[in-house]
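Chemist: Please take these sequences and the hints and turn them into a complete structure.
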Amino acid sequence: MVIAFQIILLAVMGLSIFGIIGERENKGIRDALLTAFIASTAAYIASVMLL
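Residue numbers for the sequence shown follow full-length UniProt numbering, beginning at 1 and rising by one.
If you are wondering where the hints come from, they were derived from the structure by calculation, not from laboratory data. Where is the CB? At the ideal position from N, CA and C, for every residue including glycine.
Pairwise CB distance ranges, derived in the manner of DEER restraints:
no., residue 1, residue 2, range
1, F18, I45, 15 to 23 Å
2, I38, A4, 19 to 27 Å
3, G14, L51, 15 to 23 Å
4, A43, F18, 12 to 20 Å
5, N26, L51, 36 to 44 Å
6, V48, L15, 18 to 26 Å
7, A46, L15, 13 to 21 Å
8, I3, A39, 13 to 21 Å
Modeler: Structure representation (structure tokens):
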């Protein structure tokens with residue numbers, strides 16, 4: 001179950017990082033994607049500690 005959660009978090013991290021790279025015009029969307037990336041990274045680190 002934890003491994004499936006980690007795979008989902010990796011997908012969220014990947015999509016958000018590509019969104020951050022691709023979004024240059026709208027600062028609000030870029031900030032939201034950066035927040036999603038930071039939150040998913042923190043959740044991934046916490047889930048690794050559970051293993």
